[in-house]
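Colleague: Here's the letter readout for the chains.
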Amino acid sequence: MIRDEELMAAALARLILDPNAPPARHIAVGAASAIPAAACWLLKVLGHPVRLSLLHKHSGNPFTSGTRELFDLAGQGRIDLFFLGGGQIDGQANINLIGTGDWPGSKVRFPGSFGSAFMYLMTPRTILFREEHSPRVLVPHVDIVSAPGISAPGVFRRGTAQALVTGKCIFRFDRDKARFQLSSIHPGETAESIRLATGFDYDCPAEVPETASPSAEQLLALRGPVHDRMLETYPEFCRRVWGRAKEQAA
Amino acid sequence: MIRDEELMAAALARLILDPNAPPARHIAVGAASAIPAAACWLLKVLGHPVRLSLLHKHSGNPFTSGTRELFDLAGQGRIDLFFLGGGQIDGQANINLIGTGDWPGSKVRFPGSFGSAFMYLMTPRTILFREEHSPRVLVPHVDIVSAPGISAPGVFRRGTAQALVTGKCIFRFDRDKARFQLSSIHPGETAESIRLATGFDYDCPAEVPETASPSAEQLLALRGPVHDRMLETYPEFCRRVWGRAKEQAA
Amino acid sequence: MHLPTLEALAALVPDGALLALPPDNSTPPCELARALIRAERRDLRLLGVPVSGYTTDLLIGAGCVTELESSGVSLGEAGSAPRFLAALAAGRITLKDATCPAIHTMLQAAEKGVPFMPLRGIIGSDILAHRPDWKLINNPFASGNDPIVLLPALSPDLAVFHASMADLDGNVFVGRRLELATMAHAAKRSLVSVERIVDANLLEDERLAAGTISSAYIEAVAIAERGAWPLALLGEYGADPLHLTEYARAARNEDGFRTYLQRYVLADRAQAAE
Amino acid sequence: MHLPTLEALAALVPDGALLALPPDNSTPPCELARALIRAERRDLRLLGVPVSGYTTDLLIGAGCVTELESSGVSLGEAGSAPRFLAALAAGRITLKDATCPAIHTMLQAAEKGVPFMPLRGIIGSDILAHRPDWKLINNPFASGNDPIVLLPALSPDLAVFHASMADLDGNVFVGRRLELATMAHAAKRSLVSVERIVDANLLEDERLAAGTISSAYIEAVAIAERGAWPLALLGEYGADPLHLTEYARAARNEDGFRTYLQRYVLADRAQAAE
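Chains as they are written, first to last, in numbering that gives the first Met the number 0: chain A, 0 to 249; chain B, 0 to 249; chain C, 0 to 273; chain D, 0 to 273.
I should point out that these hints are in silico values taken from the structure, not numbers from a laboratory. Misleading hints may appear alongside valid ones.
[Unchecked claim] Among chain D residues calculated to face chain B with C-beta under 8 angstroms, some are:
1. ASN24
2. SER69
3. GLY90
4. THR93
5. LEU94
6. ASP96
7. THR98
8. HIS103
9. ARG119
10. ILE121
11. SER124
[To be verified] According to the in silico footprint, chain D covers these stretches of chain B (three or more CB under 8 angstroms from chain D):
12. 109-116
13. 181-194
[Claimed, not checked] With a straight-line cut-off of 30 angstroms between C-alpha atoms, the simulated BS3-like cross-links for lysine-lysine are:
14. D/LYS134 with D/LYS187
15. C/LYS134 with A/LYS106
16. B/LYS56 with C/LYS187
17. A/LYS43 with D/LYS134
18. B/LYS43 with C/LYS95
19. D/LYS134 with D/LYS95
20. B/LYS56 with B/LYS43
21. C/LYS95 with C/LYS134
22. C/LYS95 with A/LYS106
23. A/LYS56 with D/LYS187
24. D/LYS187 with D/LYS95
25. B/LYS106 with D/LYS134
26. D/LYS95 with B/LYS106
27. D/LYS134 with C/LYS134
28. C/LYS187 with C/LYS134
29. D/LYS95 with B/LYS56
30. C/LYS187 with C/LYS95
31. A/LYS43 with A/LYS56
32. C/LYS95 with A/LYS56
Every residue gets a Cβ at the ideal spot worked out from N, C-alpha and C, and that includes glycine.
Okay, chain A solo, but in the shape it has when bound (with noise of 0.2 angstroms):
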């Protein structure tokens, strides 16, 4: 049976090799992002030449110049790809890690923005990814805008997002209509259903594909050597969806 993590990795992975978007040659991915993490693992291990940078790797962690590295990297055009997530996404790419309410967040307080308002502006191409797919976090307007989806003309900014991958489905952005439009649905979801649980709206073609489930040999792949390179930088990922994490990581 397939796991909902492997399918969004391997819908994650079709992404980044979308001969339509930008090269992504060098990838950065960050502490919370695991099923990101998981698809580019997925990518190398099926022998994709990608340069995958993990903030958080402990043993060889590729920022010797310390963690200011990564927005250098960035800012030099050096990173091709990004993954961004939000609190709150709405119809316009906008994201929100900052709160609800009334700034800073006086409804619910998120963590804060990390780098996302510098790399969402510098990354040629950034995939927004968040799990729960619901109302409350897919929202028509953030309440605070964190990292803005467009930026007026005359501002520096090297790409938009491509998509949103969700548990639900994924919706590719368009940044000349500023606008979402569905791409594809997991098995198991309706286009009906997606418009429910979808609080911005979003263009949606008369006929929608369902999100292809990884190949055999991607399993195969996730399930062994992925799985093992990312035991040591995300532990609790690998204990809970492969379960595995314990005995290996002793």
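With chain A fixed as given, assemble chains B, C and D onto it according to the hints.
Modeller: For chains B, C and D alone, coordinates are given in the frame of chain A:
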């Protein structure tokens, strides 16, 4: 018999300890400044608490963040005293390390400004040092200003020249008058010989003391422990002055 | 300067000081934070470089903190930072939201001795609207319209962190976490707790020098074995996830936090280390 | 990418490229410079980071260079740089005078991905008057009059240097000479010659990591034993002062320089190393 270099080193050491000047807790010394380095080592060897950072120290170089660190330290205000020379030095304490004639040195081209255009303004104290004391070097106005002796009001500047030490004498610099005053004359020179050898105008009190010779204790220190500590960074100088570099270096 | 005890190190932190702190996954000075709580330090202003976690939550819960500037506050896998959230909701602390590279940049400006540095991005984020101390100008080198943010230099009163080793001269090894070097360069003074003092000059070893912060920036060093506990110290020991979970649970309410404080901070260190 | 020969490394340097070069007392790529001369590279623009010496004088004398930006050009104890002076006097090269921290700052701006960075000092120096690409503005954070210089980001086409070792992944160890890291980060591509390739991942060793430039910046590495000769390589071997004096003497005039070039550069490497 006391060598000229020893006399100048002792004179520099006295200037560094000048109680009327801002404290010199951290002194940086460049590659070309062997005699100033000797003065600093003399203070250390005689037990004065001073941090000495030699730019070109091979073993244990203090700049672990690369050569930029010297300038960052100066920017932070952590370098109290620095030494500067000049192909030309004028009566307003302007220094010229670029060349004579038209820009960038149509008559004689010097090596270049190095860090002077920055260090001269960022350091609370600068001691100008040039062994050659001649109208060719000490000019009324430098042909090209590498670093200015004084700055316009409003320009961020921590200090100016404290003094100018040459092979013939010591001038004190009066920042308000932007003018040098003869302070002491090395043995063998007279007020007249100084005036003849100096291209710029300066104040000269009725009575000018002779530059004090190094004490016996200072000489012992210079020829022993100071020599030994300088050997690695200034082998040529040690050989020339104390003629013992080769053996000890080998 | 080498100090005999961590208490002596904590004594160098005055009330009201602006403290730069590394994040949980770096070189967190946890034992020093506990000493500051025992010393009843007050009105501290904390800067997360560039984010904050357990150490900050602990200091806030203990009432040592009135102000926090950070790009993110959480306990990582152990969840949100409960005492931070409670203090923020109760208005007991003032929060300045930033974004990671902005904090690095403000420290770089201080390291360089310039009043400001530019940074790309940020424009369009509500952070900018809530940072009157950040300026938006047009790039003076651009022919046309090119807005860019200028960030002011930020020089903390103190940089405090916990490292693996210092030498007898007070040079401190931090390895690849060189944002700590910028933090120490930018700060007026640095206080460091270390696992051990080594009898060798770190500057003499070319392999270690690049990861070493020169004693020119370090005001004082004191030994605190396992001083990052319950967090990890890079290259030395791992974190104590069970303890962090225990903390996250206990700190959900004031009483639970008080009990935790009593047991792990106010009680003498031997106990705490158990 | 590991290359079999230094010639293959030199082949990656196109005519007209802007090359960032470390100074003589750092990690000078002398053997690579000789390979560039043998390959008859032309119209190179050199950047001294932050000063220049033997390597630059050699390339200028061999006619490979049309432009130089530096804060100082000399052979150190061996005296002034004769081929640089001759080319400057004859108008064969364009010289941009800078000051050391300005070159570091322009590279830092490129490293950070910002169009400019400020720097204190410089005001009142004639350098500023001859750098139309440098701007003087009033500090936007100051209430009153506070002029400050803004320097443009400088991104060399290539950073080239000689290091002690690289690993199989192409990570390069430079130790405490971290201005080389900034140089590599700022440059579009970096080409590195090394004394040896080590069969270990430099990133896995906490002692070495801080002094290591990640392969993310390194386009190609090739082995050149004693590749810094006749200069020193920090922590590896000392300089050859007699040879530098011989060079200084020979290079006083064109004929002498040609003879030197013939013997030590154009002749095959084995001879040259003698």
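Colleague: All hints, please: hold or fail.
Modeller: Checked hints:
no.: 1; hint: ASN24; result: holds (6 angstroms)
no.: 2; hint: SER69; result: holds (6 angstroms)
no.: 3; hint: GLY90; result: violated (11 angstroms)
no.: 4; hint: THR93; result: violated (10 angstroms)
no.: 5; hint: LEU94; result: holds (6 angstroms)
no.: 6; hint: ASP96; result: holds (6 angstroms)
no.: 7; hint: THR98; result: holds (4 angstroms)
no.: 8; hint: HIS103; result: holds (4 angstroms)
no.: 9; hint: ARG119; result: holds (5 angstroms)
no.: 10; hint: ILE121; result: holds (5 angstroms)
no.: 11; hint: SER124; result: holds (4 angstroms)
no.: 12; hint: 109-116; result: holds (count 7)
no.: 13; hint: 181-194; result: violated (count 0)
no.: 14; hint: D/LYS134 with D/LYS187; result: holds (24 angstroms)
no.: 15; hint: C/LYS134 with A/LYS106; result: holds (29 angstroms)
no.: 16; hint: B/LYS56 with C/LYS187; result: holds (26 angstroms)
no.: 17; hint: A/LYS43 with D/LYS134; result: violated (46 angstroms)
no.: 18; hint: B/LYS43 with C/LYS95; result: violated (46 angstroms)
no.: 19; hint: D/LYS134 with D/LYS95; result: holds (15 angstroms)
no.: 20; hint: B/LYS56 with B/LYS43; result: holds (16 angstroms)
no.: 21; hint: C/LYS95 with C/LYS134; result: holds (15 angstroms)
no.: 22; hint: C/LYS95 with A/LYS106; result: holds (17 angstroms)
no.: 23; hint: A/LYS56 with D/LYS187; result: holds (26 angstroms)
no.: 24; hint: D/LYS187 with D/LYS95; result: holds (21 angstroms)
no.: 25; hint: B/LYS106 with D/LYS134; result: holds (29 angstroms)
no.: 26; hint: D/LYS95 with B/LYS106; result: holds (18 angstroms)
no.: 27; hint: D/LYS134 with C/LYS134; result: holds (19 angstroms)
no.: 28; hint: C/LYS187 with C/LYS134; result: holds (24 angstroms)
no.: 29; hint: D/LYS95 with B/LYS56; result: holds (28 angstroms)
no.: 30; hint: C/LYS187 with C/LYS95; result: holds (21 angstroms)
no.: 31; hint: A/LYS43 with A/LYS56; result: holds (16 angstroms)
no.: 32; hint: C/LYS95 with A/LYS56; result: holds (28 angstroms)
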